[in-house]
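There are 2 protein chains.
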Amino acid sequence: MHTILRSASREVVIGHDQPFCIIGERINPTGRKIFQEQLRANDLSRIHVDVAQQLAGGAMVLDVNMGVPLADEVALMVEAVTLIQSISDVPLCIDSSVIEALEAGLSTYQGKALVNSVTAEDDRMEAILPLVKRFGAAIIALPNDEFEIPLEPERRVELTRKIIDVATNNYGIAMEDILIDPLAMPIGADTSLVVRTLDTIRMIHDEFGLNMTLGASNVSFGMPDRETIVSSFLPMAMRSGLTSAIMDARGAQLVRAMKATDLLLNRDEWGASWIASHRARQAAESA
Amino acid sequence: MHTILRSASREVVIGHDQPFCIIGERINPTGRKIFQEQLRANDLSRIHVDVAQQLAGGAMVLDVNMGVPLADEVALMVEAVTLIQSISDVPLCIDSSVIEALEAGLSTYQGKALVNSVTAEDDRMEAILPLVKRFGAAIIALPNDEFEIPLEPERRVELTRKIIDVATNNYGIAMEDILIDPLAMPIGADTSLVVRTLDTIRMIHDEFGLNMTLGASNVSFGMPDRETIVSSFLPMAMRSGLTSAIMDARGAQLVRAMKATDLLLNRDEWGASWIASHRARQAAESA
Numbered sequence: 001m002h003t004i005l006r007s008a009s010r011e012v013v014i015g016h017d018q019p020f021c022i023i024g025e026r027i028n029p030t031g032r033k034i035f036q037e038q039l040r041a042n043d044l045s046r047i048h049v050d051v052a053q054q055l056a057g058g059a060m061v062l063d064v065n066m067g068v069p070l071a072d073e074v075a076l077m078v079e080a081v082t083l084i085q086s087i088s089d090v091p092l093c094i095d096s097s098v099i100e101a102l103e104a105g106l107s108t109y110q111g112k113a114l115v116n117s118v119t120a121e122d123d124r125m126e127a128i129l130p131l132v133k134r135f136g137a138a139i140i141a142l143p144n145d146e147f148e149i150p151l152e153p154e155r156r157v158e159l160t161r162k163i164i165d166v167a168t169n170n171y172g173i174a175m176e177d178i179l180i181d182p183l184a185m186p187i188g189a190d191t192s193l194v195v196r197t198l199d200t201i202r203m204i205h206d207e208f209g210l211n212m213t214l215g216a217s218n219v220s221f222g223m224p225d226r227e228t229i230v231s232s233f234l235p236m237a238m239r240s241g242l243t244s245a246i247m248d249a250r251g252a253q254l255v256r257a258m259k260a261t262d263l264l265l266n267r268d269e270w271g272a273s274w275i276a277s278h279r280a281r282q283a284a285e286s287a
Numbered sequence: 001m002h003t004i005l006r007s008a009s010r011e012v013v014i015g016h017d018q019p020f021c022i023i024g025e026r027i028n029p030t031g032r033k034i035f036q037e038q039l040r041a042n043d044l045s046r047i048h049v050d051v052a053q054q055l056a057g058g059a060m061v062l063d064v065n066m067g068v069p070l071a072d073e074v075a076l077m078v079e080a081v082t083l084i085q086s087i088s089d090v091p092l093c094i095d096s097s098v099i100e101a102l103e104a105g106l107s108t109y110q111g112k113a114l115v116n117s118v119t120a121e122d123d124r125m126e127a128i129l130p131l132v133k134r135f136g137a138a139i140i141a142l143p144n145d146e147f148e149i150p151l152e153p154e155r156r157v158e159l160t161r162k163i164i165d166v167a168t169n170n171y172g173i174a175m176e177d178i179l180i181d182p183l184a185m186p187i188g189a190d191t192s193l194v195v196r197t198l199d200t201i202r203m204i205h206d207e208f209g210l211n212m213t214l215g216a217s218n219v220s221f222g223m224p225d226r227e228t229i230v231s232s233f234l235p236m237a238m239r240s241g242l243t244s245a246i247m248d249a250r251g252a253q254l255v256r257a258m259k260a261t262d263l264l265l266n267r268d269e270w271g272a273s274w275i276a277s278h279r280a281r282q283a284a285e286s287a
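Chains as they are written, first to last, in my numbering: chain A, 1 to 287; chain B, 1 to 287.
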């Protein structure tokens with residue numbers, strides 16, 4: 001199944017026969033004090049650096065989140081989307097918990113965006129899915145609802161089915177425009193959580209064939225040597241059916257693990273991409 | 001299913017609920033000219049260094065291969081096994097294509113050894129399986145025969161079934177003493193080969209529940225940045241059912257990927273082993 005995203009001039013295809021899709025996650029003020037202050041002062045200059053770094057690291061889509069306390073998130077989203085589309089040609093993922101910010105971002109955006117995110121909560125689906133349909137976007141959907149973030153993979157599959165039913169039947173959204181986030185949770189909190197996520201990915205893949213994405217770094221939260229943990233998680237998740245991840249493309253080890261997995265899973269014909277990226281790295285190191 | 005190996009004083013358990021078992025692969029003259037010359041001159045001193053390095057890297061079992069052209073492999077195997085058991089307490093994997101070397105190694109060895117390896121060829125099984133039974137050893141079995149190294153996972157499963165039938169019915173070898181090598185082949189030769197190996201691992205796991213091992217570095221042969229390729233392969237193979245690998249424990253990135261995967265697959269309670277190895281590395285770096 002192919003999820004197609006577009007900017008004004010470029011198309012990105014997410015699918016099980018495609019190279020893994022990195023959704024660059026850095027354009028987000030969460031946990032970044034200086035960036036928060038800059039955004040409150042309506043200074044978006046830092047975004048130039050973030051966009052350049054994410055693209056240099058291999059991001060194919062950029063997640064844009066402007067959630068800053070005590071700032072006008074709606075206005076910032078409009079400015080950020082306009083700015084990023086003026087300096088890059090990759091599709092964007094409009095990321096907010098605020099409906100008005102999603103709507104403002106989508107009306108400004110040129111192309112077919114990804115929306116981050118909806119849950120199986122009835123009121124969230126009622127608010128967000130009409131926007132997704134109206135702007136012809138694709139949507140990231142999380143299988144939790146107002147009652148629980150389920151641990152059992154079977155329950156996550158049930159909530160996934162609920163979202164699919166509502167999105168396709170009530171709003172006419174195409175199956176291929178729904179990306180499921182199977183809920184990556186920190187191994188440090190409970191060492192059984194990642195197996196549950198991997199089982200969820202496999203079950204959603206086998207049952208629905210949908211594309212999936214998740215916040216890759218979540219699994220390593222609170223543990224030492226986080227990049228090695230995530231670099232070992234991604235190959236397992238990709239083999240189970242994960243087709244993209246929201247991740248910081250500046251993580252060189254992580255991006256290399258992802259490219260090696262593309263090669264191993266026969267998604268890099270003749271190993272051409274693997275060999276090219278090795279040569280580029282050698283050239284950069286000897287320059 | 002638990003495969004138990006023993007030295008004179010130590011037991012190692014291989015199983016799906018156990019930490020991954022590294023079989024250190026360096027005590028082998030293949031491709032090592034200086035070591036070959038030393039062994040021809042009956043100088044086994046290099047083995048002290050190899051054993052120390054493999055153990056320092058985390059090897060839990062040591063593979064011992066003394067196959068040197070124009071040397072007395074049988075005598076060397078006896079000397080090597082005696083030497084290694086005098087300087088370390090880990091179980092050994094007696095590795096040779098020469099029946100007499102296997103027999104000599106096994107008669108010298110104190111404990112329950114692993115034997116590397118038998119195939120589904122009738123004459124190999126007739127020669128090797130009686131030795132395995134006589135010395136109470138465990139055996140690595142490769143699902144190829146005199147006619148083919150099959151590419152199709154289904155055919156590898158058939159040959160696995162043949163070996164299991166012969167080993168258990170004709171020679172009374174226990175199921176848990178059979179480790180299957182699902183045949184890791186180079187991604188550089190054909191980018192579909194590793195998916196076949198992963199499928200084979202999954203099928204053998206689901207059908208027989210046996211432990212498995214393989215030569216991990218094979219998958220990266222001929223490609224640049226081999227360690228990243230193998231570090232991405234191992235998590236997928238472990239998730240599919242691989243429980244040990246013959247690998248060079250000096251590869252720090254590889255060993256860390258393996259330990260991270262143990263953590264992620266819930267085989268490292270509280271993450272204690274992961275955190276301890278991080279602290280040990282920090283201490284070594286600041287020393």
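Keep in mind that a hint or two might mislead.
Heads up, incomplete: computed chain B residues facing chain A, CB under 10 angstroms, no partners named [stated by the list, open to error]:
id, residue
1, Arg6
2, Leu193
3, Ser220
4, Asp225
5, Thr228
6, Ile229
7, Gln253
8, Ala260
9, Leu263
10, Arg279
11, Ala284
Chain A residues, not near chain B, derived (Cβ > 12 angstroms throughout) [stated by the list, open to error]:
id, residue
12, Asp72
13, Arg124
14, Arg134
15, Pro150
16, Ile164
17, Met175
18, Gly215
19, Arg226
20, Glu227
Ranges between beta-carbon positions, derived for each pair [what the hints assert, rightly or not]:
id, chain 1, residue 1, chain 2, residue 2, range
21, B, Ser286, A, Asp123, 29 to 37 angstroms
22, A, Pro130, B, Met175, 56 to 64 angstroms
23, B, Asn266, A, His48, 40 to 48 angstroms
24, B, Ser97, A, Glu148, 52 to 60 angstroms
25, B, Glu285, A, Arg279, 44 to 52 angstroms
These aren't lab readings, by the way, just hints derived from the structure by calculation.
Idealized CB from N, CA, C, for every residue including glycine.
Verification of the supplied hints:
1. Arg6: violated (29 angstroms)
2. Leu193: holds (9 angstroms)
3. Ser220: With a minimum Cβ separation of about 9 angstroms from chain A (threshold 10 angstroms), the hint on serine 220 (chain B) holds.
4. Asp225: The hint holds - aspartate 225 (chain B) has a Cβ within 10 angstroms of chain A, the shortest such distance being about 6 angstroms.
5. Thr228: Constraint on threonine 228 (chain B) satisfied, holds at 5 angstroms.
6. Ile229: holds (5 angstroms)
7. Gln253: holds (8 angstroms)
8. Ala260: Check passed: Cβ of alanine 260 (chain B) comes within 4 angstroms of chain A, closer than 10 angstroms.
9. Leu263: Check passed: Cβ of leucine 263 (chain B) comes within 6 angstroms of chain A, closer than 10 angstroms.
10. Arg279: holds (8 angstroms)
11. Ala284: violated (14 angstroms)
12. Asp72: About 41 angstroms separates aspartate 72 (chain A) from the closest Cβ of chain B, which puts it past 12 angstroms; holds.
13. Arg124: Arginine 124 (chain A) is indeed farther than 12 angstroms from all Cβ atoms of chain B, at 30 angstroms.
14. Arg134: holds (40 angstroms)
15. Pro150: holds (18 angstroms)
16. Ile164: holds (26 angstroms)
17. Met175: holds (25 angstroms)
18. Gly215: Answer for glycine 215 (chain A): holds, closest chain B Cβ roughly 15 angstroms.
19. Arg226: Given that some Cβ of chain B is not farther than 12 angstroms from that of arginine 226 (chain A), nearest at about 10 angstroms, it is violated.
20. Glu227: violated (10 angstroms)
21. B:Ser286 <-> A:Asp123: 29 to 37 angstroms: Given about 53 angstroms between the Cβ atoms, the range is violated.
22. A:Pro130 <-> B:Met175: 56 to 64 angstroms: For methionine 175 (chain B) against proline 130 (chain A), whose Cβ atoms are near 58 angstroms apart, the range 56 to 64 angstroms holds.
23. B:Asn266 <-> A:His48: 40 to 48 angstroms: holds (43 angstroms)
24. B:Ser97 <-> A:Glu148: 52 to 60 angstroms: holds (58 angstroms)
25. B:Glu285 <-> A:Arg279: 44 to 52 angstroms: violated (31 angstroms)
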